[in-house]
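K.L.:
Residue strings, one per chain:
2 protein chains.
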Amino acid sequence: MRAVARANTNIALVKYWGKRDTALNLPAVGSLSLTLDGLSTRTTVVFDGKLAADSLLLNGADADERALGRVSKFLDLVRTRAGLIERARVESVNDFPTAAGLASSASAFAALAVAATHAAGLELSDRELSILARRGSGSAARSIFGGFSQMHRGESADGEDSFAEPIVTDWDVRLVIAATMTGRKATLSTDGMRHTAETSPYYDAWVKMSERDLGTARDAITRRDLQALGEVTEASCLSMHASAMAARPAVLYFVGATIEGYRIIQDLRRSGVPAWFTCDAGPHVKALTDAAHAQQVEAALAKLGKTWICRPGPHAEVLE
Amino acid sequence: MRAVARANTNIALVKYWGKRDTALNLPAVGSLSLTLDGLSTRTTVVFDGKLAADSLLLNGADADERALGRVSKFLDLVRTRAGLIERARVESVNDFPTAAGLASSASAFAALAVAATHAAGLELSDRELSILARRGSGSAARSIFGGFSQMHRGESADGEDSFAEPIVTDWDVRLVIAATMTGRKATLSTDGMRHTAETSPYYDAWVKMSERDLGTARDAITRRDLQALGEVTEASCLSMHASAMAARPAVLYFVGATIEGYRIIQDLRRSGVPAWFTCDAGPHVKALTDAAHAQQVEAALAKLGKTWICRPGPHAEVLE
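In order, the protein sequence lines correspond to chains L and V.
According to numbering that gives the first Met the number 0, the first sequence is numbered sequentially starting from 0.
According to numbering that gives the first Met the number 0, the second sequence is numbered sequentially starting from 0.
Wrong hints could be hidden among the right ones.
Since the list gives no way to pick out one identical chain from another, each pair is judged satisfied if it fits inside one copy or across any two copies.
Stated by the list, open to error - Dumping the calculated SDA-like pairs for lysine to any residue here, alpha-carbon to alpha-carbon at most 25 Å: (1) Lys302 x Met180; (2) Lys305 x Arg262; (3) Lys305 x Val272; (4) Lys207 x Glu197; (5) Lys207 x Arg247; (6) Lys72 x Glu159; (7) Lys302 x Ala185; (8) Lys207 x Ala196; (9) Lys49 x Gly158; (10) Lys72 x Glu230; (11) Lys305 x Gly59; (12) Lys305 x Pro165; (13) Lys302 x Thr79; (14) Lys207 x Ala27; (15) Lys72 x Glu316; (16) Lys305 x Gln295; (17) Lys72 x Ala156.
None of these hints come from the bench; they were simulated from the model.
Computed from a predicted structure; not experimentally measured.
Work out the full structure: start from the sequences and follow the hints.
P.N.:
Quick look at the structure:
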C-alpha cells in the first residue's frame, strides 16, 4: 500500500490553451511537448487504514487546503477504481526550486498518478495513466512519457480518447530556461483559459489553428527538422498569448523581461544560432535549441535570471 | 503659390490596422483618435514654375529618396486636381524631437494636404482634405480635425466615403506619452498590416471586433465616460497587437519597457488612478488619463524614458 514514483515536467511546444470540458479536464486543442530532464517531482503515496484523512506534504511543509483538496479529489479517482476506502499520506518533493516559479502541476500529477495507482495495487497501461493524470492537470497527461509526446484532444464525452502518446524519445535537443525575476502572481492558467474562451474574439481561430500547428510540429519531429519545429513552437506560443491578450479584459502573462528574452532569442537567430522562443502562462523565457548551441543561448539569457539547460527527460517511473 | 500650414499628430484610441485597398489607402476598419496638442508639423509648400523637380527639406535636412518620392506622389494628386504642372519646394518641421521616434506621418500628411491645396489655390472642405490626407497616410485623415475624431472605413471602391469626422472637441482629457529608449527599428506599419492580413489567423476576427469597439468608444465619448473609453482603448490596442503577434512569422512591436509601462499603468489603476494603456506600431507607451491625474501618471512612467503630457490638440490650419 506504499509506492514512490518520479515524473518530469514538460514544456508544451504546441500549446494547450482552452478546455472542452472542465469536469473531466478535457482540452479544446491537442498539444505537443518535450519532457524535461532535471526538473522532476518525486512522490510517495501510502494508503493506510489508520489515517482519518488524506494529508499532503509538499517539499517538507504541510500543503494548503486548496492543494490538499485537489490531491484528495484525485486520490478519490484512484480509490474508486481500486475499490479502496483507505486515506493516504502523500509526500511530494520537487528537485528544482519552487521559489523560481517553475513548480509544475505536470510533474506533480504525473508522479501522483503513477505512485497512487501503484500503491493501490492497480496495474495501468501508460495510456490509462495518461488519462488519469489528465484529471489532475491537463499537462500532466504528457509527463507520463519521456522525450516528445503528443496530447490528443479527443472527441468523446467521457475523455477516454483524450490522452498523450510518445512521438520520439531519441532526439537530443535542448531547452534553455531563464526564470525572470518577478514577484507578480500570474492569472492561474485554468482561469486564463476560461476567460479567453469566454471573451477573446480570437479564441475560435486559436482552436482551429492549433490543429494545423500540431501536424506541422509532428512532421518536423519525425524529420528531426529543428528549424521547422522551432518556427511552429514560437508561432504556437505567440498565438496562444495573443488569444489571451485579446480577452476582455486582457490576460497578459509577459513581463518586461519576457519580451527582452524574446528579443535576445531573435538576435541570436539573426546571428545564425538555432533558437526559438516559447513561454507558458507565466513570465519565464524558454528557448528551444540544439546541444551545440545550448551554452551560448544560456549565456545570452543569463541576464534575465537563473537559467537551466534541460535535455529531453525520461518516462515517469516507479522508484519503490 | 505659397502656403504654410500646421497639423497635429493624433493617437488612435480605437486602432487602425489593415487596409481594404492599398492603391487608394483605404482602411479595412474604422478608427477613432484624439488629436494631440504640442506635437505638430509645420509645412511650407511653394509651387514654382522654375523648379525642375520637387524637393523636400525635413527638419532642415534634405529628405531621402523614399520620403521625397512619397511626397511627390502626393503632390501629383494636388496638381492633377488644380490643373498645375509646377514642381514644388516643401519644407517640413516637427516641433517635437524626431529622434524620440514619435515622428508621425499623421501630422506630416495632414499639414501637407492643407498647405499644398492652399498653395495650389484649391478651396477644399474639411471632408475633402481628410480624404486627400488619407492618400498620404491613413492616420493623417484624422489629423485634419482637433479633439476626438472618427475615421470611417467606408464601403465605396473610390474611397469617397472613407474620411474622418470630428466627434467632440471640448472634452479635456490627457494623453501621457513615454518614449521608451530603444534603437530597434520597428516593422513599418504598412508592412505589418499587410503581413497580418495575409498570415494572422486572427485578422478576420480583428476586423469584426473593431466595428463593435468603435461604437463603444463613440458612445463613451458622447457620455464623457473616461472609464468606458479607457477600457475600450486598452482593449483595442491589445487586440491589434495580438492580431499582429499571431501573424506568421510574428510582428511584435513591444520591447521590454513597453510591457513595464503596461504593468505600471495597471498598478496605477489598481490604486485608483484612472489611466489606460495604449501603444502604436512601435515600442512607446501612452496612457489615457484625466487632467487631475496626468502628472501622477507622468511621474510613474518617467523611468521608461522621456515623457510628455498632451492636451487635446487643435484643428489643422493655414498659417500663412
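K.L.:
Of all the hints numbered above, which does this structure not satisfy? Sort the numbers upward.
P.N.:
Going through the list in order, the structure violates hints 9, 10, 12, 13 and respects the others.
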